[in-house]
Each structure stands twice: as C-alpha cells, then as structure tokens.
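Participant: Chains as they are written, first to last, in this note's numbering: chain W, 1 to 275; chain D, 276 to 614.
Careful, some of the hints might be misleading.
Said to hold, decoys possible - Some residues of chain W that are not near chain D, with every Cβ distance over 12 Å (derived):
1) Gln-6
2) Thr-13
3) Val-15
4) Gly-16
5) Tyr-19
6) Gly-24
7) Leu-95
8) Tyr-96
9) Ile-97
10) Ile-106
11) Thr-130
12) Ala-144
13) Val-154
14) Leu-180
15) Ala-264
What the hints assert, rightly or not - To be clear about the criterion: a stretch of chain D counts as covered by chain W if any three or more of its residues have a C-beta under 8 Å from a C-beta of chain W, and this derived list gives those stretches:
16) 365-374
17) 393-402
18) 488-502
19) 547-558
To be verified - Taking lysine-lysine and the DSBU-like style, the derived pairs with C-alpha atoms no more than 30 Å apart in a straight line are:
20) D:Lys-359 / D:Lys-587
21) D:Lys-502 / D:Lys-515
22) W:Lys-262 / D:Lys-422
23) D:Lys-422 / D:Lys-407
24) D:Lys-515 / D:Lys-422
25) D:Lys-502 / W:Lys-262
26) D:Lys-422 / W:Lys-29
27) D:Lys-515 / W:Lys-262
These are calculated hints, taken from the structure and not from any lab test.
Using N, Cα and C, we set each Cβ at its ideal position, and we do this for glycine too.
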Amino acid sequence: MSAPSQWTVFWRTVVGRAYPRIIGAQREKSWVFFEIFLPLLQVTAYVYIYRAIQAPPEFIGFVVLGGAMSAYWLNVLWSMATQLYWEKETGNLELYIVAPTSRMAILLGMAMGGLFATTLRAVAVITIGTVLFHVSMSVSSVPALVGVFLTTLVALYGMGMLLSSLFLLFGREAWHLSNLLQEPVSLVSGFYFPVRALGQVVAAAASILPITLGLDAMRQLLFPAMLGKFRFLSPGVELAILVGLAILFLFLSHRALAFFEKLARRDGRLSVRGQ
Amino acid sequence: MMSDCYAIRTEDLRRVFRAKRREAKKQKREVVALDGVSFSVGSGELFGVLGPNGAGKTTTIKILATLLSPTAGRAWVAGIDVAKDPKRVRRHIGMVSGGETSGYGLLTIEENLWMFSQFYGLDTRVARARIKELLEVVGLADRSRTKIYHLSTGMRQKMNFVRGFLTEPEILFLDEPTLGLDVQTAHTLRGFVSNWLAEHRDRTILLTTHAMHEADELCGRVAIIDKGRILACDAPATLKRELQRDAIFRLRIADLADARGVVGTSPDVTQFTQTASEAGVDVDAILTHDGALTQLLASVEAAGGRLLSLEKREPTLEDVFLHIVGHGFEDEIREGGSA
C-alpha cells in the first residue's frame, strides 16, 4: 500500500481532529444550559436595560447578535487558544507532534470542529433571542452579510490559532492572558453596544480583534436603519480589513507554530506537564 | 556520520536541562539527563534501554521521537537526523508511553483510535479493519464502543498499544509501556509485542523499562543506562553469562533490621541489596567465591541475625545491573538506599 500524500494526511487530520468537537462535544448535554441558557440571561439583562432607557428597538437586535457572536469569542479563547495547553496536560500533544501531520491541520481541525459546535449554540441564542424579544431584522445584502460573517470567523479562528501557538511555549502562564482578554475584549469589541460609543481611537485600536469589525459590519447589514447613526466604518471597509486580518493571522499562526514548536523542543516544554 | 544501515543510531548524545532563573535558586541550575549516549539498533531488532527512574531512558526516547532537541551529539532514526529533519523522521515512527491518558473521554475506543489513525492519513476502511483486528488481539473487542472515560488503567493502556501499532510504524518507541499495570495485563501486552514483531520482521522496537524481567523476556539486546550514561550494551544472556563466575545468593534473615553493617563490610561481598521483609530483611549478595558464604553467615549470626532461608541463584539482569552500577533499582527509587 502506497503512503498517502501530505495533502491527504492534512485533510484527514482536519476531519479527524474536528470529530471530537462535532460528535463528542454534543454527547454532554450540559452545553445546552451553559452555552445557551446562561448567555441568554446576559442578553436579557441588556435587553431590559435598553428597554428601561427606551433605546431604539434596533439595540435589542444589537444585543442578541452580540450575545450570539460572543459564543465564538469564548470558543476561540478557551477552546482554541488554551487547547494546546490542555492537550499537553492529557498527553495528546506528544502524539500530535510525533504524528507525520501538519500542526496547522490539527489546529484547523480544532477550529472547524469548534466552529460547527459553536454555530449550533449561536444559532440557538439568536433564534430564541429573536423570538423572545421580537427582534426585527431587515437584511440589506445577504451575500455581504454571509461574506462578513465567514471572514470574521476565519480571522477570529486564525487569531485563536496564533494564540494557541503561544501556549506551546508559555504553558500555564499564558492562561492569564486568556483571563486577561475575556472581559476587556467583550467591552472594547462592543458585544452589547455599538463600538463607536467608545470613541474612534478605542474603536480603531479594538479593530485588531476581528469580532469588533465583524459585529459592527453585521449590525449595519442587519439593521440598516441605524446605519448612519452608529456605524464605525462602512461594511465594505470593514470587510476589507477583515480579509487582511484573516490572512495576517493565518500567516502569523503558521510561522509562530513552527517557531514556538522549535523553541519548545529545545527547552523541553512539549511534554513536561504542569508547567 | 550518517548511517542508513541502522534503524536507530545515537552518537555522543547529551541533554542538559536548565532550570528557569527563578527556580535555579531552589534547585540545581543544570541537570545532565544524558551524558554522551551512543548506541545503535539494527532493523528488525527489539532493543531495550534498561535503567532506574531518572536514568535518562525517557529523555533518550523523546529525542529520538523528535519531542526534544539534544544539547549536543547526534541521533538518526531511519537514517534521518532527528534534529535536522524531524518532519521526515515522523513518517517512520510511532510511540506508546506507560500511563498515557491520551484521547478524548467522550469518544469511544473505536472513535479515538480512528481519530489518531487520521493523523497518519490512514484510509478509514483500512483503519477500521485494523482497529477491529487489534482490539480482538488485546481482548478489547467487546468494549470498542465504550467511551474511554469508563476504562480502567489496564484497558486504557491496551487501547494505547493498539493506537501505537495501528499505523504499523517502521520504528516504534515503547516508553515504560507496562508501567502501573497488573501482572496479567502486562503479560498480555508483552505477548502482543512479541507476536507483532514476529509477524512484522522488518520493524524495529526500542523499549525503555525498569522492569528487568520485561527486558529479559522481550529484548534481543539491552543497554543498561544510569545517570545519563550507558554502562553496558549486549544481549541479556551475554551480560548474565559474564556474572556466572560469581556466587550470587539470596538470604532471608530474621531479627536483623539492617544488614548493611554485616554484609556491606565484608571484603568478599562485591555488591548487595537489601529489602525489608516481615521477618527482617531479604539480602541479595554477589560474593567473590562460594567459600565466602561461611564467613558471611557467621557474621550474620554474630550480629544477632537468624538465617531463615538461603538460595543460590542464577544471575539475572538485576544482578547484572547491580554488578555494573553498584546499586539496585530499588535503592535508586528509595533515593540512595542501602548499598
């Protein structure tokens, strides 16, 4: 039997590594509570704040969309960025390294699996939120919306892949980075309000996070009536920047992974647990 | 020097671990794990690296499996330099470690094995057929659909074995593969290794272990390693034969808690180990000649000890280790015990 090509090994690895997230993760039904019910509670809190101050009805839609997209951010932060640390602790990382496959394929598999599982959660949040709070959306351009959404996810998971390579080197120390990022990113990316409210400088700085521009563009495309008043940049510009970010993060993650793997092999950090 | 005629070859391999600056104040700044290790393994061999905890066995395997860079020296696997071209080395190798907890708990045995097979690009039909066949061999066929968080340590290690052999690697590293397993499971897995190698004569296995009988039973040749240095390397039978000129005795002594003062001071005792037993102490001693035994027994009696049993033994690999290193494995594990 001839040896499979590197391309075959790459795609089989992607499918193999996505499998535990697509199939395995659905077997633990507690996700319904933790990943749908709890985010919905947070969304509800903001909905009632906006209702109390009689904000325009589109703000309810902003919040529901932000609540759904936050699932992706949390997935990237805790199931992508920190994943290689966990893989090391359980002994999987050694087997990933020893296997004749690409580390990018492993990360891509994690990302694809995570995307699938998180999309189930995000769709549930957006559907229940829309029905519960009578959100009315009028999509101005379906292709643009799909394009922005997919590009945001590619850039976001590219960033997750970059962060995960850091964990190869820093191990548990990088854990603090994830803790540090969680809440500030929720704030500066404008999960529950238009990012423009933070001012142009903060919004521009927060644009390094794909979710910031992705959310802003999607809100504009879903709630065009609010377009003029609350947008940060035009959806076209935001999409262009997102494409740039996606390429940048994927390129950097590829380089960083090779670099940090070499460094970790030199320092003996690939298999030493509890670091 | 590059060599293609060996499956594995190391040349003056050295690995030093340096503590982080903040940890260096509390512990040694540098730990020399390997100190000039050279050996070679031919294709089709089952080669053992035998040594106590901390001897450098796992470090050796990690370097060969491309998980760790050597500080100095060189190593080749399948004729490829592990430091220069780790990616190419990985196409030829597989690895199974003792006490592995790899895999995902929510997946079944079958699913976990299939997942790992995909990292080697194995066709799904081929993978499933091999999984079925290997699970039957290790006696896990009826548990193939059990989620792995339900598995006992032994079952999990059987699964790890199947994972390691599933891709039929050219060179397989087994790092203390029976560590922590019960006697029966360890026996099953040793049988599995022997049979697999008999059926795949062109494959090579490097096994590290501190279980002497395991090395004795499985390995064609063994390297005895201690404190990062290889002290001897030959077939177990050859190593034991060299000791046959010595007299090796096992004594069970009652009413004596510590035999060091009696046995250890005798000029005719070249090496000895002792382990505490219910009655007192069990002593394994290598004497320069049979006649020295009379004097030794007299010394034991004079010290208040009572001889319960006496046995003259054929040399084992443990005796070889004791003879070469100057202390037994147990002593090493107890951190500088009796000898």
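Participant: Does Ile-97 (chain W) clear chain D by more than 12 Å, comparing its Cβ with all Cβ atoms of that chain?
Facilitator: 6 Å, violated
Participant: The output says Thr-130 (chain W) does not contact chain D. Does that hold with a beta carbon cutoff of 12 Å?
Facilitator: The claim stands: Thr-130 (chain W) keeps its Cβ more than 12 Å from every Cβ of chain D (closest is about 31 Å).
Participant: Checking a non-interface call: every C-beta of chain D should be farther than 12 Å from the C-beta of Val-154 (chain W). Is that right?
Facilitator: 23 Å, holds
Participant: With 12 Å as the threshold, tell me whether Leu-95 (chain W) passes as away from chain D on beta-carbon distances.
Facilitator: The claim breaks: Leu-95 (chain W) does not keep its Cβ more than 12 Å from every Cβ of chain D (closest is about 6 Å).
Participant: Taking the shortest Cβ-to-Cβ distance between Leu-180 (chain W) and chain D, state whether it exceeds 12 Å.
Facilitator: 21 Å, holds
Participant: Determine whether the non-interface label on Ala-144 (chain W) survives the test: each CB of chain D must be over 12 Å from its CB.
Facilitator: 36 Å, holds
Participant: Given the hint that Lys-359 (chain D) pairs with Lys-587 (chain D), does the C-alpha gap stay at or below 30 Å?
Facilitator: Violated: Lys-359 (chain D) and Lys-587 (chain D) sit about 51 Å apart, past 30 Å.
Participant: Quickly compare the C-alpha distance for Lys-502 (chain D) and Lys-262 (chain W) to 30 Å and report which way the hint goes.
Facilitator: 26 Å, holds
Participant: Is it true that the CA of Lys-422 (chain D) sits at most 30 Å from the CA of Lys-29 (chain W)?
Facilitator: Satisfied, since the Cα-Cα distance of roughly 15 Å is no more than 30 Å.
Participant: Given the hint that Lys-262 (chain W) pairs with Lys-422 (chain D), test it: the Cα-Cα distance must not exceed 30 Å.
Facilitator: Outside the cut-off at roughly 34 Å; violated.
Participant: Ala-264 (chain W) clear of chain D by more than 12 Å, beta carbon to beta carbon?
Facilitator: The claim breaks: Ala-264 (chain W) does not keep its Cβ more than 12 Å from every Cβ of chain D (closest is about 9 Å).
Participant: Since Val-15 (chain W) was said not to touch the interface, does its Cβ keep a gap of more than 12 Å from each Cβ of chain D?
Facilitator: 6 Å, violated
Violated hints, in rising order: 1, 2, 3, 4, 5, 6, 7, 8, 9, 10, 15, 18, 19, 20, 22, 24, 27; the structure is consistent with all others.
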